[in-house]
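Colleague: Protein chains in written order, with the numbering used here: chain A, 30 to 346; chain B, 297 to 824.
No wet-lab data here; the hints were simulated from the structure. The structure presented is a predicted model; accordingly, all values stated were derived computationally and were not measured. Careful, some of the hints might be misleading.
Claimed, not checked - Each pair of labels, with its calculated beta carbon distance range:
#: 1; chain 1: A; residue 1: G99; chain 2: B; residue 2: S389; range: 46 to 54 Å
#: 2; chain 1: A; residue 1: L166; chain 2: B; residue 2: Q655; range: 44 to 52 Å
#: 3; chain 1: B; residue 1: Q483; chain 2: A; residue 2: F203; range: 33 to 41 Å
#: 4; chain 1: B; residue 1: S389; chain 2: A; residue 2: L95; range: 48 to 56 Å
#: 5; chain 1: B; residue 1: G408; chain 2: A; residue 2: L132; range: 57 to 65 Å
#: 6; chain 1: A; residue 1: R103; chain 2: B; residue 2: L683; range: 46 to 54 Å
#: 7; chain 1: B; residue 1: Q483; chain 2: A; residue 2: T200; range: 53 to 61 Å
#: 8; chain 1: A; residue 1: T201; chain 2: B; residue 2: Q519; range: 36 to 44 Å
As the list claims (entries may be wrong) - No farther apart than 27 Å at their CA atoms in a straight line, the calculated lysine-lysine pairs in the DSS-like style are these:
#: 9; chain 1: B; residue 1: K663; chain 2: B; residue 2: K652
#: 10; chain 1: B; residue 1: K712; chain 2: A; residue 2: K57
#: 11; chain 1: B; residue 1: K424; chain 2: B; residue 2: K452
#: 12; chain 1: B; residue 1: K642; chain 2: B; residue 2: K798
#: 13; chain 1: B; residue 1: K666; chain 2: B; residue 2: K600
#: 14; chain 1: A; residue 1: K82; chain 2: B; residue 2: K752
#: 15; chain 1: B; residue 1: K452; chain 2: B; residue 2: K752
#: 16; chain 1: B; residue 1: K666; chain 2: B; residue 2: K690
#: 17; chain 1: A; residue 1: K82; chain 2: B; residue 2: K566
#: 18; chain 1: A; residue 1: K82; chain 2: B; residue 2: K749
#: 19; chain 1: A; residue 1: K82; chain 2: B; residue 2: K424
#: 20; chain 1: B; residue 1: K798; chain 2: B; residue 2: K566
#: 21; chain 1: B; residue 1: K600; chain 2: B; residue 2: K572
#: 22; chain 1: A; residue 1: K258; chain 2: A; residue 2: K248
#: 23; chain 1: B; residue 1: K438; chain 2: A; residue 2: K82
#: 24; chain 1: B; residue 1: K624; chain 2: B; residue 2: K810
#: 25; chain 1: B; residue 1: K504; chain 2: B; residue 2: K810
#: 26; chain 1: B; residue 1: K749; chain 2: B; residue 2: K663
Each residue gets a CB set at the ideal place from its N, CA and C atoms; glycine is no exception.
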Amino acid sequence: MIAYLIKRLVQCIPLLLLVSLLSFGLIKLVPGDPAVVMGGTNATAAEIEVIRKNLGLDRPFHVQILSFYGNLARGDLGRSLMLGQPVRDAIIERLPATIAVALYSMALTLLVGLSIGVLAALRHNTWVDQTAMTVALIGVSLPNFWLGLVLILLFSVHLGWFPTGGYVEPTTSFLGWLRSATLPAVSLAMLQIGLLARITRSAMLEVLRQDYVRTARAKGLSEFAVIGKHAMANVAIPVVTVVGLIFSVLLSGSIIVETVFSVPGMGALLGNAILRRDYPMIQGGLLFVATALMLLNILVDLAYAWFDPRVRVGGAR
Amino acid sequence: MLTKRISQQGLALASATVLLAAIAGQAQAQAFRCPRTGGDLIFALESKVPGLDQHTSNAGATRNVALNIYESLVTRDENMSPVLELAESMTVSPDGKNYTFKLRQGIQFHNGKTMTSADVIASFERYKRVGVDRSILDPVDKWTTPDANTFVITLKEARPLFIEALSSFTVPIVIVPAENAQAAAQQLPVVGTGPFRLEEFRADSFVKLRRFDGYKPDTRHNQMTGYGGNKRACVDTVTFRMMTEAAARTAALEVGEIHAVEDVPAASQKRLRDNKAIKLERLETFWMNVVYPNFSAPPTDNLKVRQAMLAAMDFDEIMEAAHEGQYKLNPGFQFPGQQYFTDAGKELLNQKNRAKARQLLQEGGYKGEKIELLTNRDFPVMYNTALVMAEQLKAAGMNAELVVLDWPAALQRSQKETTGWNVFFTGWITVIALGGPQTLRQMAEPNPVYKPKDNKVDPGYMAAFNDINTAPTLAGRQAAFARAQRIALEQVMAIPFGVAPKTQAVRSNVEGYKAYYTPRLSNVWLTN
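The shape of chain B in the complex, shown without the other chains (with noise of 0.2 Å):
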């Protein structure tokens, strides 16, 4: 049925494809069922955890924890494809502007009290009063419950990709009791509708999850899918260690002490692949090494100096000081299998050129300007970019130095100051998961992370990026990326280095688990 009136909706049409391929997809699976319950299976955290209000939090140590309690009316699936999850159906009207979703019955919070569209409506009503990501819901222009079981937002023009944004998992829009959605950010009792409650929090040391018994399985998926479908705790109960010192946290998966990690770095790996009572699980495509030039600063206010940068940099180098090894160059802002992946200016990227490099300085009227590399220690991988980057830079003639502050500090220069740094060093994680659309959205107006002059983006770029957000065909769409993508790697918007894997580890009597951007104890089990 959601297949079908979904289908009949032009502008819907990508959206409908893609839930149609999520369910249609297992069609043939067989029904997941635990093939063992109980015990505690400890997994070790690597960051601390910031609170659980999801509403107010996108720190991924929160998601980590949070979307196993907390569900949404939509959300990603297994190809970060939207799917339905507490919606039983989603229609959209002709003109695209109405959202009609019909509730799944008989579905339970924590508290026992069964979820209505009062609920919906009171959840939607906090994230846009407090919810980090509220831009999400700019384009609605309201939205009502005509009954219990209905929740209808009607935007202010037609949107074709307001699905994809409303089913983003960064801060995804999780559903909570009407009656504590007053509560004020970061006070947000816990409380959702996940196959695992919240137990025990102790801040800065552990979470503990325990099965939800009135849990109701999604029963239209065969399989758990993305952070949605057939979900079932197969174990009592989780306990989220927190571990941030990873030699420490490796030792204790290796003794035993706990079943799984969330990280190995890549130095202990080739121990633990060795031992047979540890199983390794990677996430390919992870993170994205990325850094991006200020717009506003000499020098990397002028262009050629910019291209002189791209000209000169050999990626492999850079990659290979910084993931350890574990890398793979990637020709654009998607990966290969995205939806919107392209190797549109793929040409500009890994050119090693010095003698161009010089040549462009030359042109651009370059006089040894201090070019100023902020980065941070926090994370060991952005500094080892910008150290072998500002090697590379010196080779090619430019004077490249770098400023080493700690991450809040160097975040907050790059966002509020327009001085002081000419390169930042960052990753992105679920920027280039949820797709082409919401890569783009950091470089384009109104929030440019390369800080343009006047905040004014490339009006070729933003004429892509906005048709990217209105063409009504996913060819369009796709084609308005591969331009969008061409000219931020011609103006030199951002670099991206490429992509290193997520690699985790599970002691070898825990089945089910799967490496994804965040841990999902869903359908794992003990097998003693």
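For reference, chain A alone in the conformation it holds in the complex (with noise of 0.2 Å):
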């Protein structure tokens, strides 16, 4: 296992390499650099050159390059051109904020994804199934700048119940964080429930009519017994596969609900770099997502090993 988990990490460093030659490439095939976009709408040709030279922008490719990837030696991922900071602090200011609304997020969606799934397939072809996935049909259709704003409206001004934007930290005061980050959470879970909710309902589907349930059901085992114990350790390995995409898309946060909802997250850092071309932070920004994303699917891959004895590294052979 651990040998295994050393091998996967390995594999990891030559593609982190080619993201950020790949990142560092095409941004800068992007037209428009961030000193066009500091300079704003009044500034002349001559002030956005001078702040292009103020930027270091003006320095040959290969010479920005040698920079970036020197500095990323020594573990600098570089300065913000924007924020005025380094690019390592901006992301660890941001992340617990990602996190903690992903997480919530997640809890949502396992809680009332998995529900609505496992639900909808033991009531197979009846209204309960066909009001299920209604439901997730609409949860993946909607545009979640639009619920986000719904949200606001209902919950926010007429009904008082939620702040309509801004993010307070649980270490702050708790309450505060569950006010601040329970729309936020909500828009993003909407989608996942739904997705979630299909997936399960599927698997469930599947396991269901296979004969070691119906064996299980022969033998007498409890209705729950056989669905939480038997079905449902064989419902996992896709609904983990699931569970994993969500999180790493959650993680890496989402620009539009943290806008609308002004939570200062991973997404917005990583879509205002992108307009506002901040070469530096989009670099170390993806690097990060992608490390992120690399090191989850890692996650998934042990899960499946821990879900399904038959999966085990080496254990097989």
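From the two separate chains plus the hints, produce the assembled complex.
Modeller: Next up, the structure:
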């Protein structure tokens, strides 16, 4: 297991190098640069040239990329051109909000998505199934920026239950955090709930047709034991794959939801960096997201082994 | 003393006049005192603040916050005339080349240090090194500090408009402590002399300012005027929250989570107007909707084609669509009431004459070549302007086509390339507010926005532009401006469609707030 883990981690290194190289090269190919953005609507070409020089963007491409890798080797992701702070600090500053909202959203997704999926499968071809799948379909279809605004209108403006935006850190006030994170988490979760419910339903339906489930029932096991113990263990494999994917999406943040609710998270950080052509921030942010995705993938692979002894690493040989 | 000294200088007559007006106008008013102090005023910004290094950023979002923190030797008053701020007095030598600034005494920086001429010279040197608008200082030969209280600027030659340029607030030459002046671009420690000091800056989220207790108000004035005058921080703290989503921003104002918003979309204004807990504040002349053709790319390299475009357009239709009905047509590049306002050439605007357009196209030998309208969706105003303009040009027989990029890409193409675009869509704010000479600079050498061949601008225009910068009298400069504006419209260097207001809103418990080019939070208090 340890050897497998080390092997997977080592495999990540060239991939990360490739990601950094591609992100560095591609972003330079995109027209428009940070100096233009900083200049605003009124800047003259001469003023923009001054900004460009101030930012070091007038240096040749090879000098810039060598400087990038030199800094990277020292663990330095560079300094954000727009935020005026080290990229690493910017990521560290925003990561907690993204992780906290992602976990909250994930919890909602698992709770509601799994329940709906299982319920729909158990009540296959009944009105319960049809209703659950309709809800799931609506969930995957609603644009989250629209949903976010509707939630604000309903729960903030009319009912006054939650704030319209902003983010309170859980360390400052847990209740405050819960209030500030609920609407963003729900907005994010709606899409994922729909996705997870459909996958769970489909996996559960397949499992319920298996011989071992029939055997378990024939042995007189309670329905709870049949579903909760025997069926769910086999549903877990496809569900874990989807959960891993969902979490990786949530972890990279959602620019739309974070913008609507003014949550200072990774999605808004990266989205703004792209819009503002903040090269170091884009490169550092992408590198971070790529690393997180690779680590999550490894975790998901390890989870397969946990749920299914047949795929336990080395065990099948 | 200030006005007496300046009035003795022939070349600085205009500046002296405006400075005199700025002070005399307040003589009868009562000195401002905060009726109530305390509280945290929460102000929602529509854009993210890209740092607070005011020397190196000309983003409006930086100014929104930074102009409450920093101050300059000279700034602009309510009518956009130069007014002394950190300078106690300014004298100009008879030859118009030496400007001597005596500094106000007892001015403290937010770090507790007292400001001296060493800080002023260090700030100017930093600006010369990294300042975005450093061309302001091009006419300067040298600067000296004869003593701790005096700063002298010597010009290479007399420039009657030097103080107008020096007082520009687009990228103002704010005074920072000498020990910070070596900071690289974008890394300036946020220490100024203004009524508010920085408490916390959480990038992309919020900026919190706190009242600076060591602030020395400028008691030469009774009231705040423009960015200068008698400023006092009435609230304990100001929190600028960055809320880029307009609907969420407006909702937050309605439920009272914030006290004020930088911008209210037209669609929400009616609802807010009916809300007794909210007051709308409007700056009538804010954004000039402007496009400029590309003189280097066919077919807009052809004067007749450009004139045909101008003849064909219905400005009302364009402004209606772009600004949702909130606009005024404007007969030139300055607003009525501004010092350089003129309607010279107004007959060339809003002609709505398709027959004339077709005639001009025929005379110009137009063969249906594509006219690329380079716009973006980041600013819906620009996109909608392009959309309507394209239809109007098509209706007059022109082959107009939209080229939609994002803002950075579109702006870069318009600045760096002479092909791939024929008309560029933008908006001028400070360019117009700062006055005639600043406006004309956009169309003059060395960086004319419309890309004339070999970068050579019409000689008549350049002559008028030079006259504006050298004519000793205001009347002479105004006449030169009118000449330049007429030529600009005849040559179709830029097309000013009209002006749109800026509508802001505050909760009813916010008093003293007045919409301006950037949010001024001095002399604003909370009633509860």
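Colleague: Determine for every hint whether it applies to the structure shown.
Modeller: Results for each hint:
{"no.": "1", "hint": "A:G99 with B:S389: 46 to 54 Å", "verdict": "52 Å, holds"}
{"no.": "2", "hint": "A:L166 with B:Q655: 44 to 52 Å", "verdict": "59 Å, violated"}
{"no.": "3", "hint": "B:Q483 with A:F203: 33 to 41 Å", "verdict": "36 Å, holds"}
{"no.": "4", "hint": "B:S389 with A:L95: 48 to 56 Å", "verdict": "52 Å, holds"}
{"no.": "5", "hint": "B:G408 with A:L132: 57 to 65 Å", "verdict": "44 Å, violated"}
{"no.": "6", "hint": "A:R103 with B:L683: 46 to 54 Å", "verdict": "50 Å, holds"}
{"no.": "7", "hint": "B:Q483 with A:T200: 53 to 61 Å", "verdict": "29 Å, violated"}
{"no.": "8", "hint": "A:T201 with B:Q519: 36 to 44 Å", "verdict": "39 Å, holds"}
{"no.": "9", "hint": "B:K663 with B:K652", "verdict": "17 Å, holds"}
{"no.": "10", "hint": "B:K712 with A:K57", "verdict": "15 Å, holds"}
{"no.": "11", "hint": "B:K424 with B:K452", "verdict": "16 Å, holds"}
{"no.": "12", "hint": "B:K642 with B:K798", "verdict": "24 Å, holds"}
{"no.": "13", "hint": "B:K666 with B:K600", "verdict": "15 Å, holds"}
{"no.": "14", "hint": "A:K82 with B:K752", "verdict": "25 Å, holds"}
{"no.": "15", "hint": "B:K452 with B:K752", "verdict": "25 Å, holds"}
{"no.": "16", "hint": "B:K666 with B:K690", "verdict": "11 Å, holds"}
{"no.": "17", "hint": "A:K82 with B:K566", "verdict": "46 Å, violated"}
{"no.": "18", "hint": "A:K82 with B:K749", "verdict": "26 Å, holds"}
{"no.": "19", "hint": "A:K82 with B:K424", "verdict": "13 Å, holds"}
{"no.": "20", "hint": "B:K798 with B:K566", "verdict": "15 Å, holds"}
{"no.": "21", "hint": "B:K600 with B:K572", "verdict": "54 Å, violated"}
{"no.": "22", "hint": "A:K258 with A:K248", "verdict": "14 Å, holds"}
{"no.": "23", "hint": "B:K438 with A:K82", "verdict": "24 Å, holds"}
{"no.": "24", "hint": "B:K624 with B:K810", "verdict": "21 Å, holds"}
{"no.": "25", "hint": "B:K504 with B:K810", "verdict": "20 Å, holds"}
{"no.": "26", "hint": "B:K749 with B:K663", "verdict": "22 Å, holds"}
Of the numbered hints stated above, those contradicted by the structure are hints 2, 5, 7, 17 and 21, listed in ascending order.
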